[in-house]
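Colleague: One-letter residues, chain by chain:
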Amino acid sequence: MSKKDYNWQLKSTLRILKEILFWAAGIWLFIYCWNIISARTIWPFVYDGAEQGSKLLMRMFPPNWPYFIDLLRPIWDTITIATLGTLAAILLSLFVAFLAAENTSPHPLLRQLALLIIVTSRSVSSLIWAIILVIILGPGVLAGIIAISLRSVGFVSKLLYESIEEIDREQVEAVEATGASKFSALIYSVVPQVFPSFVGTAVYRWDINIRESTVVGLVGAGGIGLQLNEAILGLKWPDAIIIFMMILSLVLFSELFSAKIRKTLI
Amino acid sequence: MLTESSGNYSWQRPHLIKNKNKRAIIYLLAAAYIIFTFISLKIDSQRIILGLSRSQKYFADFLRPDFISRWNSIVDGILESLTMTYVATVFGIIISIPFAFGAAENISPKPIYYLSRAVIVISRSFQEVVIAIFFVVVIGFGPMAGVLTLTFSSIGFLSKLLAEEIEDIDWTQVEAVKATGASWPQLMTYAILPQILPRFIGLSVYRLDINFRASAVIGVVGAGGIGTTLNAAFDRYEFDSASAILIVMIAIVLLGELFSSFIRKKIK
Chain A
1324 MSKKDYNWQL
1334 KSTLRILKEI
1344 LFWAAGIWLF
1354 IYCWNIISAR
1364 TIWPFVYDGA
1374 EQGSKLLMRM
1384 FPPNWPYFID
1394 LLRPIWDTIT
1404 IATLGTLAAI
1414 LLSLFVAFLA
1424 AENTSPHPLL
1434 RQLALLIIVT
1444 SRSVSSLIWA
1454 IILVIILGPG
1464 VLAGIIAISL
1474 RSVGFVSKLL
1484 YESIEEIDRE
1494 QVEAVEATGA
1504 SKFSALIYSV
1514 VPQVFPSFVG
1524 TAVYRWDINI
1534 RESTVVGLVG
1544 AGGIGLQLNE
1554 AILGLKWPDA
1564 IIIFMMILSL
1574 VLFSELFSAK
1584 IRKTLI
Chain B
990 MLTESSGNYS
1000 WQRPHLIKNK
1010 NKRAIIYLLA
1020 AAYIIFTFIS
1030 LKIDSQRIIL
1040 GLSRSQKYFA
1050 DFLRPDFISR
1060 WNSIVDGILE
1070 SLTMTYVATV
1080 FGIIISIPFA
1090 FGAAENISPK
1100 PIYYLSRAVI
1110 VISRSFQEVV
1120 IAIFFVVVIG
1130 FGPMAGVLTL
1140 TFSSIGFLSK
1150 LLAEEIEDID
1160 WTQVEAVKAT
1170 GASWPQLMTY
1180 AILPQILPRF
1190 IGLSVYRLDI
1200 NFRASAVIGV
1210 VGAGGIGTTL
1220 NAAFDRYEFD
1230 SASAILIVMI
1240 AIVLLGELFS
1250 SFIRKKIK
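Chains A and B are the protein sequences, given in the same order.
Under our numbering, the first residue of the first sequence is numbered 1324, with each subsequent residue one higher.
Under our numbering, the first residue of the second sequence is numbered 990, with each subsequent residue one higher.
FYI, nobody ran anything at the bench for these hints, they're computed from the structure.
Mimicking DSS-like on lysine-lysine, the simulated pairs with C-alpha atoms at most 27 Å apart in a straight line are: (1) Lys1011(B) <-> Lys1583(A); (2) Lys1481(A) <-> Lys1255(B); (3) Lys1505(A) <-> Lys1481(A); (4) Lys1583(A) <-> Lys1099(B); (5) Lys1167(B) <-> Lys1334(A); (6) Lys1481(A) <-> Lys1586(A); (7) Lys1009(B) <-> Lys1586(A); (8) Lys1341(A) <-> Lys1254(B); (9) Lys1341(A) <-> Lys1255(B); (10) Lys1586(A) <-> Lys1011(B); (11) Lys1099(B) <-> Lys1167(B); (12) Lys1009(B) <-> Lys1583(A); (13) Lys1254(B) <-> Lys1481(A); (14) Lys1481(A) <-> Lys1583(A); (15) Lys1334(A) <-> Lys1254(B); (16) Lys1559(A) <-> Lys1378(A); (17) Lys1255(B) <-> Lys1334(A).
Just so we're clear, the structure is a prediction, and the values are computed from it rather than from any experiment.
Construct the entire structure; sequences and hints are all you get.
Modeller: Shown next, in the form of structure tokens:
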């Protein structure tokens, strides 16, 4: 190709070819997966779904407004589960993150152990933790709090240890040069650097946990999920819509609240 | 004795909340809240002691996972979860694109903007399990309910984050391409898409990861996937099988994380 009739292209020919192959593989995989799911679906029920869904919505009206009063305690429990669960997770994650960060970890083996804890906690969702804990501790708010905190430890620790690894070494050295002990160096040089992002993470996790704690009750771990389960099993749809509305407003409130806290603190 | 004279002023760490009285009030309120909630917990210590002594056997079972006796249903459940995850993520991506453009304040007309934002809020507010309950009631047990659930919750997540990305694009680039006389489709492919595509791919891979984790839970309420197998194991108190399922899940999540960090490095 002479320089004269060179045409600018967004992508080279080889890259276009590669992308076509990639897309073909993706579409083939999608059709393959879709066939598996389709084979396991009872299609008449799905065709019927829209009608069933609209019937269900009809049955929710008129909503059972007085039921709202009965829900105040479960809503309070839901907030308690999220708040205490997040607090417990924060306390635990201070240790885990300290062990997991490459620059503060006392021993490589302890670091691997901390990373294992983080991965386990992140992979298993709070509802599954709740199932296990209800078997051990019995139904109630306590099982929910521990389930939420076990799920959150990994999340908070991961973000915290990543921000510990990114700190500015010079500030630590400056504090150490004044003759500070290891512990005071940690308090006066590491903590101030990671604090803002840590608060942001904690508040963000609390916001997620409000959502999570609405469902742990489904398996008996306290909160509004218990009432939701009851309403659905008992086909009490006018109650169910009140529960949905309460969950929606609780989540919106928590989102606004956490956004406000993050703005004032950071 | 320290005096407040400027001669021997001793430095103190700055406090989080500057105003002394405000600080005291906020700390007091927080302490009162925590104490009050602890009192309202109603911890049944006898049940816990009973449960702990009973669960020694469960803990022992957890420590020696049994992959063999339920291997076939584990493989089946994992495959179902993976197919559900993939199909739902693809659907979620396709549907989220128009909502994302609708929810971007800088390019969308007001009525469409509010409609898209309302869909996003509803999709994001409900936990996957709550949505799954609804779909199971409407179309029955099975992976299709799971696919619909994961699709629905992917839409809110992807649209919201993609809309934020569209709101942040650099308009000078769009104007530069416009100045060459580009048509609307050309404007899209050469000015807007290149700016949002890397982030969008990253978000999609991240959502794939989230959907896999969620597919393990929604099975508990009957929406298919490995969660159904896991729930059955818990119901039969087969903690050794449950432990095996959790280990397989953790391994897959780890693999997924490696995959997504690989993809993210590649598009950077």
